[in-house]
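Novice: Chain by chain, the residues run as shown.
2 protein chains.
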Amino acid sequence: MRVAVIQQHNSADLDDNLSRSMAKIREAATGGAELVMLQELHRSLYFCQTEDTDVFDLAETIPGPTTDALGALADELNIVIVGSLFEKRATGLYHNTAVVLERDGTLAGIYRKMHIPDDPGFYEKFYFTPGDATFNDQRSGFTPINTSAGKLGLLVCWDQWYPEAARLMALAGAELLLYPTAIGWDRSDDNDEQQRQLDAWITVQRAHAVANGVPVLVANRTGFEPAPHTTRDSDGIQFWGNSFICGPQGEYLAHAGQDGEEILIADIDKRRSEDVRRIWPYLRDRRIDAYGDLTKRYRD
Amino acid sequence: MRVAVIQQHNSADLDDNLSRSMAKIREAATGGAELVMLQELHRSLYFCQTEDTDVFDLAETIPGPTTDALGALADELNIVIVGSLFEKRATGLYHNTAVVLERDGTLAGIYRKMHIPDDPGFYEKFYFTPGDATFNDQRSGFTPINTSAGKLGLLVCWDQWYPEAARLMALAGAELLLYPTAIGWDRSDDNDEQQRQLDAWITVQRAHAVANGVPVLVANRTGFEPAPHTTRDSDGIQFWGNSFICGPQGEYLAHAGQDGEEILIADIDKRRSEDVRRIWPYLRDRRIDAYGDLTKRYRD
Chain W
1 MRVAVIQQHN
11 SADLDDNLSR
21 SMAKIREAAT
31 GGAELVMLQE
41 LHRSLYFCQT
51 EDTDVFDLAE
61 TIPGPTTDAL
71 GALADELNIV
81 IVGSLFEKRA
91 TGLYHNTAVV
101 LERDGTLAGI
111 YRKMHIPDDP
121 GFYEKFYFTP
131 GDATFNDQRS
141 GFTPINTSAG
151 KLGLLVCWDQ
161 WYPEAARLMA
171 LAGAELLLYP
181 TAIGWDRSDD
191 NDEQQRQLDA
201 WITVQRAHAV
211 ANGVPVLVAN
221 RTGFEPAPHT
231 TRDSDGIQFW
241 GNSFICGPQG
251 EYLAHAGQDG
261 EEILIADIDK
271 RRSEDVRRIW
281 PYLRDRRIDA
291 YGDLTKRYRD
Chain V
1 MRVAVIQQHN
11 SADLDDNLSR
21 SMAKIREAAT
31 GGAELVMLQE
41 LHRSLYFCQT
51 EDTDVFDLAE
61 TIPGPTTDAL
71 GALADELNIV
81 IVGSLFEKRA
91 TGLYHNTAVV
101 LERDGTLAGI
111 YRKMHIPDDP
121 GFYEKFYFTP
131 GDATFNDQRS
141 GFTPINTSAG
151 KLGLLVCWDQ
161 WYPEAARLMA
171 LAGAELLLYP
181 TAIGWDRSDD
191 NDEQQRQLDA
201 WITVQRAHAV
211 ANGVPVLVAN
221 RTGFEPAPHT
231 TRDSDGIQFW
241 GNSFICGPQG
251 EYLAHAGQDG
261 EEILIADIDK
271 RRSEDVRRIW
281 PYLRDRRIDA
291 YGDLTKRYRD
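Taken in sequence, the protein lines are chains W and V.
Per this note's numbering, residue 1 is the first one in the first sequence, and the count goes up by one each step.
Per this note's numbering, residue 1 is the first one in the second sequence, and the count goes up by one each step.
Where hints are given, some of them may not hold.
Stated by the list, open to error - Listed below are the simulated BS3-like cross-link pairs for lysine-lysine, each with C-alpha atoms no more than 30 Å apart in a straight line:
1) Lys296/W - Lys270/V
2) Lys88/V - Lys296/W
3) Lys270/V - Lys88/V
4) Lys296/W - Lys24/V
5) Lys270/W - Lys88/W
6) Lys151/W - Lys270/V
7) Lys270/W - Lys125/W
8) Lys296/W - Lys24/W
9) Lys151/V - Lys88/V
10) Lys24/V - Lys88/V
11) Lys270/W - Lys88/V
12) Lys24/V - Lys296/V
13) Lys24/W - Lys151/W
14) Lys88/W - Lys151/W
15) Lys151/W - Lys125/W
Please keep in mind that the hints were generated in silico from the structure rather than gathered at the bench.
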C-alpha cells in the first residue's frame, strides 16, 4: 500500500492553506498514494502561540467546511485522507481533532487529541479540551479508525511522546500509527539543544514503531511563524519539518528535510508487521500482571 | 556523577571472565566512576543458545560467589557495582537477576528480569522464571533500587523493548535506567536486517530516556559465541556491542563500537533531568483515566 505524508508551510490565509493542501493531496494521489495525511491544524497558522478568545472563531464543527472539502476530494480521488482541525463540539467546548475521510467521501472516524501540551508558545490547554477517555458507545479515546486502507492508530502531536498511547492503539489492532504534528524550535535555544529536541522527537516516534511492530507516519509543519502581538512570551516558532515514514522496525522509508514543503511517499508492506512480530514477539511477553501502576499518576 | 559501562567478550572460563570484569571495574574506578555496570550474565558464555539441564550447574545463590566477589570489590573501591547473574532461588526455580552492590560491599538490592524472551538461540524461557509481579513486602517487580549513587531503575535485556517497564521505574522515582544486556545477530541474517535490528535496539532504549526524562545506561556483550553441540537451530551469536550511555533527551554521552571490549565513561548531571522535565513535562499530562487497558493482553 502506498501512503503519503504532506509537509507544508502555512500562512494566515485559511483558504489558501487548504487549497495548497488539496493540491498536494492530488499530487500524492497521482503518485499512487491510497492514504494521504496532512499535518496538525493544517488550515491555519499554529494559533496556540497566544491565548486569545477571538481565536475560537477559527473552530469549526464536524461535519463542517474542512471535512466537506476533504471528503469531496477523497471521493473524487478514491483515497483515504487524514486531516486535522480545530473542532467546535459545543459552545465553549473545543478539541484538537484528527479526521479520516473514506474513499467515498464519508467520515470514517475522528480522534480527539488526548494529551494536551502547554508550554511557552504552545498554549494548547487554553484552547483544547482533552479527548474523552471513554465514549457513550464504550469506545476508548484510544480507538483505531477502521478504513479501507487499514486500521489507523491516529494520534496527534503531543500524544507522540507517550508510549502508552501508541501501545493502546496497537493493542486495539492498529496497523499504522499516524501523527499529524506541529512542532518546532524556540529560536532562542542554541543549536545543540535544538538538535537534541529534534533527535528526541524522531527517536521516540521511531521507537513506537519498534515497540509495537507497526509502521509510523508523521506529518510536521515547516517554516517560521512569528508570534502574534498578543503573545505572552513566545518569539515565534521555527517549525522543524522532518516529517517521516518508517517501517515496523523503525527503519526510515521516507524522511523530509527541515525547510521546505514536501510530499513524502512510501510503500507500506503490511506483511512486514506480521514477519517482524513473529520473531520479535513483544506482545507475547507483556507482564500485564505487573503493569497495574501505569494507571497511577506517580508511584509514591 | 561519573558512571561507567563495561562491554566484554566472554569465554567458557568463568573465573577468567569474572577476573577480567573486575580488572575493568578497577580501571573504571581509577577513572573516577562511582557507579559501574557489567553486561548481562557476565560470568559465563551466553548459555541460552541451547536447552540443557546441565547448564543449571552454572546457577548460584544470592548471596553467593559473584555477589561476594563484587561486594568485596565495591567495598575496596568505594563504588556502586551493578552485576548480573544466573540465580538459583530454590531447587528448580531460577532467575536472570541483576544485583547491586553498595560502596560498603553490602547488597543494595536485586532485580529479577521480568520479561523473558524465547526465540532461536535465546531459549531463556527454559532457564529463567520471570520475576515476581509483587513481593511479600508489597514491592512491585518494577521497583528501583536505592543506592548512594541514586535510585537505580535496573532492568535486564528483553525488558528494554517494553516502554511499560521503563515507565514504571520512572514513576517509582528511578533516576537512571540501566540495562545489562546480551544481544547479537544471527549471522544468517543479511546486513540490512542486522542494521535494522541494531538501530531498533538503540532507538527503543534512547526513547526510554526521552519519554521519561532520565539517563539510560546499556551494557552489551561483544564477540562471537558459537552454538553448543546440543543446540537445536542456532548458528551461534555475534554479539553486537554498541553499549551506550545517553542523557535524558536520549543524547549520546558515550557509545561503544561493535567489536572489542570497552569501558565507557560518562558524567551524568542529574540536574538535567530536572531541567528537561520542567520544559518537556510528560508526567504532567499522562491520561491515567484512559490507560486502564494497558493491563489487557489485547483489546479484542
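Novice: Could you run down the list of hints and mark each one as holding or not?
Specialist: The hints, checked one at a time:
1. Lys296/W - Lys270/V: holds (24 Å)
2. Lys88/V - Lys296/W: Status violated; Cα separation ~33 Å.
3. Lys270/V - Lys88/V: violated (35 Å)
4. Lys296/W - Lys24/V: violated (40 Å)
5. Lys270/W - Lys88/W: violated (35 Å)
6. Lys151/W - Lys270/V: violated (41 Å)
7. Lys270/W - Lys125/W: The given pair, whose Cα atoms are some 36 Å apart, is violated under the 30 Å limit.
8. Lys296/W - Lys24/W: Answer violated: Lys296/W to Lys24/W is near 43 Å, above 30 Å.
9. Lys151/V - Lys88/V: Holds, at about 26 Å.
10. Lys24/V - Lys88/V: holds (26 Å)
11. Lys270/W - Lys88/V: violated (43 Å)
12. Lys24/V - Lys296/V: violated (43 Å)
13. Lys24/W - Lys151/W: Holds, at about 24 Å.
14. Lys88/W - Lys151/W: With Cα atoms ~26 Å apart, Lys88/W and Lys151/W stay inside 30 Å; holds.
15. Lys151/W - Lys125/W: holds (29 Å)
Violated hints for the displayed structure, listed by number in ascending order: 2, 3, 4, 5, 6, 7, 8, 11, 12.
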